[in-house]
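Assemble the complex: chain A is given as a structure, and chain B must be docked to it using the hints.
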Amino acid sequence: MSTSNEFKERTRIGLWRRAAIGSVSLAVISVAFTTGAIPGGASTPKGGGNISVWEWQAGTSYIPVFQNAAHRYTSQFGGKVNIESVPFAPYFTKLTSNIDAGSGVPDVVEMSWTGEYQTLAKSGALLNLTKYLKTGFPAFNKAAMGSLTENGQVYGIPMDMNTLTIAYNEGIFAKLGLKVPKSLAQLIALAAPLRAAGDQPLGVNEMDGWPDADLWFSQVAYTDPTHSLIFKADDGTTSWNNPQFVKAASNVQSMVKGKLFADGSPSLTLSSVSAAFGQGQVAMMYPAGNFDTSLVNQADNGKFKYGLFPFPPVVAGQKSLASGGPAIIWSIPAKSKNPAAALNYIRETVNAIGQAEEEANNFIPSSASFAVPANANPIYKQMTGFQPTAQTRAIFNSSVNTALGNAMSGLLSGTVSPKQLGVDLQAAASK
Amino acid sequence: MTKIAVKLHSRSVVGAAFVAPATAFFTMFLLFPVLAVAALAFTNWNGFNLNQISWGGFGNFSQFASDGVFHEALVHTVIFVVVTTVVLNVVGLPIAMMINTKVAGHEFLRIAMFLPLGLSPVLTAILWQQMLGPYGLINHVVVNTLHWRSTPIGFLGDPHMALMTVLLASVWQYAGYNMLLYYAGLQSLPKERLEAASIDGAGAMRQLRYVTLPYLRPVIAVVVVLNLIGGWKVFDLVYVLTNGGPNNSTQMLSTYLYLQAFTLNRVGYASAIALTIIALAAVSALMRRRLAGEAI
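Chains as they are written, first to last, in my numbering: chain A, 1 to 431; chain B, 432 to 727.
One or more hints might be untrue.
What the hints assert, rightly or not - For lysine-lysine, the following DSBU-like pairs were computed, each having C-alpha atoms within a straight-line distance of at most 35 Å:
1. A/94 x B/664
2. A/94 x A/80
3. B/664 x A/431
Don't read these hints as lab results, they were simulated from the structure. Since we're looking at a predicted model, the values are computed, not measured.
One chain only, chain A, in its complex shape (with noise of 0.2 Å):
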């Protein structure tokens, strides 16, 4: 009797645990399903599902361009984009306190193209990209890959580019009769004749910093043939107190000697700098780029032409090099909880028609077989006409960079060598 009862009851016990497990065993390959994790099982496609990307482009023309991609992905893979945009200046602090705390991670992040990227690749908190480029991203213009690739792996997607060049005053040109410099030489020659007809020549915003790193690269493109320097600077294979890189310092020193800065130009910032060449009070600006060509055009409504060159190079008859790179950069946090759904939000910001939006909104889509449409305006013509010229501005040593930002503004105001700033580039490198 008791061993029949016992039986019962084990058999009872039995089929509730069976049936406790079937139940948990079912929900598990529900969610499974449901999440996507199960190939074709879920009802949204795979990849998709809700995923949120950061950025900190708030109020500039990139916000539609991310938007409508948005809505591409929305259509095509189910789930939501929930887009938000974080001030720079606290940008990495959250993402990175994010990160260390497992919880509000972004499944895109927008990323800095110098210090954080390479911070943050190396410590394991980027998802590595490389094998996933192969498939259903366009082929990335190779300038830009070169600032992206950290020890030949790549963490960042370049969704476009920058390319920087000087702009100039065609109607100061045409009334003092000059003409676009094909030479270094020149370039300072220009300098003379446009002050004593009681203008300013060249419009630099120092204020800012990055445009006086941004000289030296400009100069580095000429005297580096290899273009290749940098980039070993930055592993440690090469010293960066190399005479390229001096020379690319004395290339600005003689710029400074002929006068060839605007007056003011180390109080000026990227605003004040356009609205002075808008109105006249500059004949040329540096750096100009897709990021400034609106304030431009605001400053005078337009009213005035203005043309792009890069600098010359030292010796006329040299093929002229713009030098730039990318401009927004996508990568995915390794802590993503939806990576695949990531991966298609950014193809959308980069396949044929997030390149037509980027377009339309005058930014230079990274693809390497981007076409410019021949109805595009001509400075845009220009400015991509450029861009496969493009060389690199990116150091990714966030010391040498600020030791390079220093060295050279004490350069422009006269108190560093070029020798000294190759010395103070590879004391920071060796902090």
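Chain B alone, transformed into the frame defined by chain A:
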């Protein structure tokens, strides 16, 4: 337990309850951050991953000795603190006395002096930038209207002038603050004392030296200490007006701290700089009692 003991106990509980919110606020938002900064100053950390934090000992502090930009920032900050404290008081006190004597136009003067204080330092910096920039209002008048010079004056772009311009903008903004505090102090000065001094034959200067200034000594102490502390931690005005440039000629400890923490991601070193600022501000605060003539 006696009734008195129970009453005292309940009163202390009520007292603790009243103090608790302020204590919690102080602990969370003042004490803890200061202690965290103090701890971080002895570490090497990039601010990203807590797993990568490492003990650095006094390394960050010993690095001060070889950091040329830190030296420049320290010197500029000391100059800023000394000059603004002296000028703000030299300007603020006489104007407060003028207003207190109800001279003609004293109401206008009071409002005019106080008005800049209503503007945020960022807005002040932008205004000064617009006026003193190379293509700003003043240079336009100097170069294009009066033809005094062929090139703009480098108020902000010349490394030899930029710090002076920052000092000027700061004095313009905060002179009204000192004036207001001194004016409040003068308002409470008993008229009888001045009348008695006057009857005893004391002239205006003697009244100032033997009556007014001694009476204002505690106010002066507070104002000077507030100026000193405000000077050590000046950031917004400098950051917007010159961003520490050109060529670090207006770099302050606070702007250098920002650069180290948020551009170079050197949180440990930035914390050591922050600790230096806190120490300098604390020493200034301790000076108050000595300045006020109180026993320490």
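Taking the hints in turn, this is what the structure says about them:
no. : hint          : result
1   : A/94 x B/664  : 24 Å, holds
2   : A/94 x A/80   : 22 Å, holds
3   : B/664 x A/431 : 28 Å, holds
The structure fails none of the hints (numbered hints given earlier).
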